[in-house]
Amino acid sequence: MKKTIHDTPVDNTQTMNKGDDRIDASRPSRRKAIKTLAATTALAATASSMPLFGRYGQVQSSEPIKIGFQVHRTGIGAAYGRWYDRTTKAAVKKINDEGGINGRPVEIVAEDDGTDPKRGAEVVEKMATQHGCDIAFGTLFSHVVIGSAPRAGELKIPYFVVSEGHHVASGMLNRYTLQPGITDVKSQVQAMAPFVNSTLGKKVTMIYPDFAFGHDHRDYFSAAVEAQGGEVVAKIAIPPTESSFTKYFPKIPRNTDVIYHVMVGPAVLTFVKEMGEFFGNSRPEIFGFIDSLEAVDLASPGLEFLEGTYFWEGNPRYAQANQSEYDKAYRAAVGVDANGASLSDSKDVATYAHMFGCWETLHIVKAGMEASGYAGAGDRSKLIEAVESMTSMPHSFAHPQGAKEFNGKTHQTFGHQYITKVTNGKLVLAHTTSIEDTYYPDEVDYTTQSF
Amino acid sequence: MGITTAWPNAAAAHATGQSFVALLPTGPYMAVGVATVALSIMLLWFLPQRSASALLPHRNIGRVAAAPALRNLSSLLMFLALCGGIAAGLNGTRDPLENGLVLGFWVAFWMAAPMVQGYLFDLWGWLSPWRWAAQPLGTLAARPVLPLPRHVGVWPAVALLLGFSAFTLADPAPDDPARLAAVISAYMIVTFAGMTLFGPRRWLRQAEFFSVLMAQFGRLSVLARRGARVRAGWPGWQLGNGVAFLPGIPVFTLVLLGTGSFDGFNETFVWLDLIGVNPLAFPGRSAVVVPVILGLAGANLLLVGLFLVMIVTGDRLVGGGLPANRLLALFAPTILPIALAYHMAHYLPSLLVDGQYVLVALNDPLGTGANLLGLADYYVTTGFFNHRETMRVIWLSQAAVIVFGHVIAVILAHAAAVQLYGNVSRAFRAGLPLAVFMVLYTWLGLWLLAAPKGG
Numbered sequence: 032m033k034k035t036i037h038d039t040p041v042d043n044t045q046t047m048n049k050g051d052d053r054i055d056a057s058r059p060s061r062r063k064a065i066k067t068l069a070a071t072t073a074l075a076a077t078a079s080s081m082p083l084f085g086r087y088g089q090v091q092s093s094e095p096i097k098i099g100f101q102v103h104r105t106g107i108g109a110a111y112g113r114w115y116d117r118t119t120k121a122a123v124k125k126i127n128d129e130g131g132i133n134g135r136p137v138e139i140v141a142e143d144d145g146t147d148p149k150r151g152a153e154v155v156e157k158m159a160t161q162h163g164c165d166i167a168f169g170t171l172f173s174h175v176v177i178g179s180a181p182r183a184g185e186l187k188i189p190y191f192v193v194s195e196g197h198h199v200a201s202g203m204l205n206r207y208t209l210q211p212g213i214t215d216v217k218s219q220v221q222a223m224a225p226f227v228n229s230t231l232g233k234k235v236t237m238i239y240p241d242f243a244f245g246h247d248h249r250d251y252f253s254a255a256v257e258a259q260g261g262e263v264v265a266k267i268a269i270p271p272t273e274s275s276f277t278k279y280f281p282k283i284p285r286n287t288d289v290i291y292h293v294m295v296g297p298a299v300l301t302f303v304k305e306m307g308e309f310f311g312n313s314r315p316e317i318f319g320f321i322d323s324l325e326a327v328d329l330a331s332p333g334l335e336f337l338e339g340t341y342f343w344e345g346n347p348r349y350a351q352a353n354q355s356e357y358d359k360a361y362r363a364a365v366g367v368d369a370n371g372a373s374l375s376d377s378k379d380v381a382t383y384a385h386m387f388g389c390w391e392t393l394h395i396v397k398a399g400m401e402a403s404g405y406a407g408a409g410d411r412s413k414l415i416e417a418v419e420s421m422t423s424m425p426h427s428f429a430h431p432q433g434a435k436e437f438n439g440k441t442h443q444t445f446g447h448q449y450i451t452k453v454t455n456g457k458l459v460l461a462h463t464t465s466i467e468d469t470y471y472p473d474e475v476d477y478t479t480q481s482f
Numbered sequence: 301m302g303i304t305t306a307w308p309n310a311a312a313a314h315a316t317g318q319s320f321v322a323l324l325p326t327g328p329y330m331a332v333g334v335a336t337v338a339l340s341i342m343l344l345w346f347l348p349q350r351s352a353s354a355l356l357p358h359r360n361i362g363r364v365a366a367a368p369a370l371r372n373l374s375s376l377l378m379f380l381a382l383c384g385g386i387a388a389g390l391n392g393t394r395d396p397l398e399n400g401l402v403l404g405f406w407v408a409f410w411m412a413a414p415m416v417q418g419y420l421f422d423l424w425g426w427l428s429p430w431r432w433a434a435q436p437l438g439t440l441a442a443r444p445v446l447p448l449p450r451h452v453g454v455w456p457a458v459a460l461l462l463g464f465s466a467f468t469l470a471d472p473a474p475d476d477p478a479r480l481a482a483v484i485s486a487y488m489i490v491t492f493a494g495m496t497l498f499g500p501r502r503w504l505r506q507a508e509f510f511s512v513l514m515a516q517f518g519r520l521s522v523l524a525r526r527g528a529r530v531r532a533g534w535p536g537w538q539l540g541n542g543v544a545f546l547p548g549i550p551v552f553t554l555v556l557l558g559t560g561s562f563d564g565f566n567e568t569f570v571w572l573d574l575i576g577v578n579p580l581a582f583p584g585r586s587a588v589v590v591p592v593i594l595g596l597a598g599a600n601l602l603l604v605g606l607f608l609v610m611i612v613t614g615d616r617l618v619g620g621g622l623p624a625n626r627l628l629a630l631f632a633p634t635i636l637p638i639a640l641a642y643h644m645a646h647y648l649p650s651l652l653v654d655g656q657y658v659l660v661a662l663n664d665p666l667g668t669g670a671n672l673l674g675l676a677d678y679y680v681t682t683g684f685f686n687h688r689e690t691m692r693v694i695w696l697s698q699a700a701v702i703v704f705g706h707v708i709a710v711i712l713a714h715a716a717a718v719q720l721y722g723n724v725s726r727a728f729r730a731g732l733p734l735a736v737f738m739v740l741y742t743w744l745g746l747w748l749l750a751a752p753k754g755g
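First to last, the protein sequences are chains A and B.
With the first sequence counted from 1, adding 31 to any position gets you the working numbering.
With the second sequence counted from 1, adding 300 to any position gets you the working numbering.
Some hints could be false.
Stated by the list, open to error - Here are some chain B residues the structure puts well away from chain A; computed CB gaps all over 10 angstroms:
no., residue
1, VAL321
2, ILE361
3, LEU382
4, LEU423
5, ARG443
6, PRO547
7, PRO623
8, LEU628
9, ASN671
10, LEU740
11, GLY754
Unchecked claim - Ranges of calculated distance between the beta carbons of each label pair, as one might list FRET restraints:
no., chain 1, residue 1, chain 2, residue 2, range
12, B, GLY576, A, ARG285, 33 to 39 angstroms
13, A, GLU262, B, LEU601, 18 to 24 angstroms
14, A, GLU335, B, GLY576, 36 to 42 angstroms
15, A, SER313, B, PHE467, 54 to 60 angstroms
16, A, GLU338, B, TRP426, 50 to 56 angstroms
17, A, GLU338, B, PRO665, 43 to 49 angstroms
18, B, GLY327, A, GLU335, 19 to 25 angstroms
Think of the hints as simulated: they come from the structure by calculation, not from any bench.
Where is the CB? At the ideal position from N, CA and C, for every residue including glycine.
Isolated chain A (complex conformation):
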């Protein structure tokens, strides 16, 4: 039976990688108090032996915690960056209104990475060496994360990414890079298989762009569908520069029950329109990833064909019938209405499926800093250890998307996924996956790496 976060309490005892020293991030604990004490002692010891640091140590208690925000202000990530920025500002305001972190206010130092990996590494370096940031945070696009993480590791600055990429959990990064606030694409994709197979049909045709992003979907989903007893009957790879798709649709086998599509880029609406024209009134079931239509208003003319099709959403764009008080508060704080659009403009649709990750990550940083008694840059490794020891994160104001299970070894969080159906031009919740649906075997143990 599938568990939904709204009607079933999350089992807090369930962890993926059981460890003895896990901290429940939501509650203070005796362990936390001890750690705080230890941290303070350590700071005092370090301070006395390092004159410059000592001076910083004396005044830092009232100084803000500086969070370097690596934001896609320009480049191909800019539309996401705008909403990541809004969510980040809202989360910081909430945290500060509630007393900050360890009694210190939080200050965001935003640097534009241009959605450019090389620039991303430079920006992380600036945060660590020029701006005196305590951590770096907020990156979405995978190639920027992959380009920046090695520098974060060299400079020993904790790097909290919000990217969905599997690169953290795959083991290709380092101990300083964590993704505790958003699930990765591997778990998202494989968690779709049970619903697609049991509800939409066993025979799946996949249509995806012919590069790494599409290949990830192809590989993760094919494997998951086969494990469920289904079958991928065709894999149709579309060249990235394609702008018309009519010649590809005849390749869809007639026995297809479900089409799984993950098209992105400026041709995506053409794809939807042409698919609608191709099938007319008799189409198979259609399932897609909202990445294709993130920030696109589904009520726009030209998208009628999407009616009745299904989408993965990281977080449902439209407020659902069973909306939690947490989602309500989160929406209000970020300035998003019940349709997922900006309060300033009902046509300005948010990147709602992804941006919650910034909110949740900042709350995890707060929990981690408080658990470790974080006082300054000297405590960075303690912060990482504190986050690594986290496990269950209950559905709460800090985690409005839903409960999470964090895997400290792989530095990756796992959580519920949502499948919504376009109904009268709105995305209505059809299914919520369990967290277990998203699990896969560990591929790395970062905790074995030294700091």
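Got chain A; can you put chain B on it based on the hints?
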């Protein structure tokens, strides 16, 4: 995932908007645009011979005069604002969409000011941060230390314009506040040094490329001063009477258009495919610095070459035998309206978004929590990119600007040809290659708006 607003060379590259553009019947729209320009060429052929001033009429609208002292004061204030901006670039917020220097320079100045200058009036007369210093520096050094002869023309400005274009298009982070502050500071030092060493008026006329650019676009504006009076006319009317010529001006004009065209082309799938970049996974500006610089240089060389071939061919068709230099000097200014149209169409979508950031910044200029414009709770929106109908309006506005610019260019080219070759029949034959060029350029401009973009 990829939804785009490249910046500062932002253009129409918002992929959400671009995906709605793909749903529009841009093919028929383009056909109408190209046909309009072609038709205007035919009309000029059939209509009785008219002078440029008859084709682009203008009239006196009275005496409106601001004291030069007032302009100098405004110029000094702009200089001080620029200094303040540099300080903000070095020490203010690192977020380019909140930083005063980035917003002030890229959005308010670079995107918007040429539009006002080219379509309305001589804004640069008020904005120039150098003008105030011209007189004191001129007095200080009565004779320039170094010569900048007239025959050197605006070639120094051509070189600086190309350098600036490369910074805009190829630099990995032209909107990084500190980086921009450093570049502007350096340019400021160069400008004041140039004004001191070569004489302020010479330097501003021949080397300071913003002044040269604004002077060129200023020749297109509806309003212009003639003595103590202000005249209003059709865009381009001032060019009907010929322009003051300096060597290098034709190439400067062509570089404006070549750069503007490449700026659009630089984002298309065609270009990205050409340089081996997957447009759906753009690797970032730092990965394409060399191809972009080569493309920029190539586009400008190609345009200058093509233009030369067209006008020389036209001249040979009627046995004119005029030197290429003279033909260039006469015909190159006719493409100014196209260059301005490219600027306007290219930056319009970005201005719709980034203009909001400017207003939000002005709402609380010093970060003191002020709410001067009542925008404290306002969120910047890009909602107009998310709907087919609003994208249709935006796209058609851009297309109209492109077509209108070409029609004005066609009229100016016709007038120039008539002036050179004496009668309409000869002028038409001589102008035919250039006319074909302009029709094709209309198609290019509209195609750049419609083409899928990434990066």
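Hints, verified against the model:
1. For VAL321/B, the condition that its CB be more than 10 angstroms from all CB atoms of chain A is violated, with the nearest at approximately 8 angstroms.
2. Non-interface call for ILE361/B relative to chain A: holds, since the shortest CB-CB distance, roughly 39 angstroms, exceeds 10 angstroms.
3. Every beta carbon of chain A lies more than 10 angstroms from that of LEU382/B, the smallest distance being close to 22 angstroms; the non-interface claim holds.
4. Even its closest Cβ contact with chain A, about 26 angstroms, leaves LEU423/B beyond 10 angstroms, as expected for a residue assigned away from the interface.
5. Even its closest Cβ contact with chain A, about 46 angstroms, leaves ARG443/B beyond 10 angstroms, as expected for a residue assigned away from the interface.
6. The claim that PRO547/B lies off the interface holds: its Cβ sits roughly 38 angstroms from the closest Cβ of chain A, which is beyond the 10 angstroms cut-off.
7. The claim that PRO623/B is not at the interface with chain A holds, since no C-beta of that chain comes within 10 angstroms of its own (minimum 45 angstroms).
8. Residue placement check: LEU628/B keeps its beta carbon more than 10 angstroms from all beta carbons of chain A (closest about 37 angstroms).
9. No beta-carbon of chain A is positioned within 10 angstroms of the beta-carbon of ASN671/B; the least distance is around 15 angstroms.
10. At roughly 22 angstroms from the closest C-beta of chain A, the C-beta of LEU740/B stays outside 10 angstroms, upholding its exclusion from the interface.
11. Its beta-carbon lying about 7 angstroms from the closest one in chain A, GLY754/B breaks the requirement of being farther than 10 angstroms from that chain.
12. Under the hint 33 to 39 angstroms, the C-beta atoms of GLY576/B and ARG285/A, about 38 angstroms apart, fit the expected range.
13. At roughly 56 angstroms, the beta carbons of GLU262/A and LEU601/B sit outside the given window of 18 to 24 angstroms.
14. Against the hinted window of 36 to 42 angstroms, the Cβ-Cβ separation of GLU335/A and GLY576/B comes to about 38 angstroms, which satisfies the hint.
15. For SER313/A and PHE467/B, the hinted distance range of 54 to 60 angstroms is satisfied, since their beta carbons lie about 56 angstroms from each other.
16. Between GLU338/A and TRP426/B the beta carbons are some 55 angstroms apart, a value that agrees with the proposed interval 50 to 56 angstroms.
17. Between GLU338/A and PRO665/B the beta carbons are some 47 angstroms apart, a value that agrees with the proposed interval 43 to 49 angstroms.
18. In this structure the supplied range 19 to 25 angstroms holds for GLY327/B paired with GLU335/A, their Cβ-Cβ distance being about 22 angstroms.
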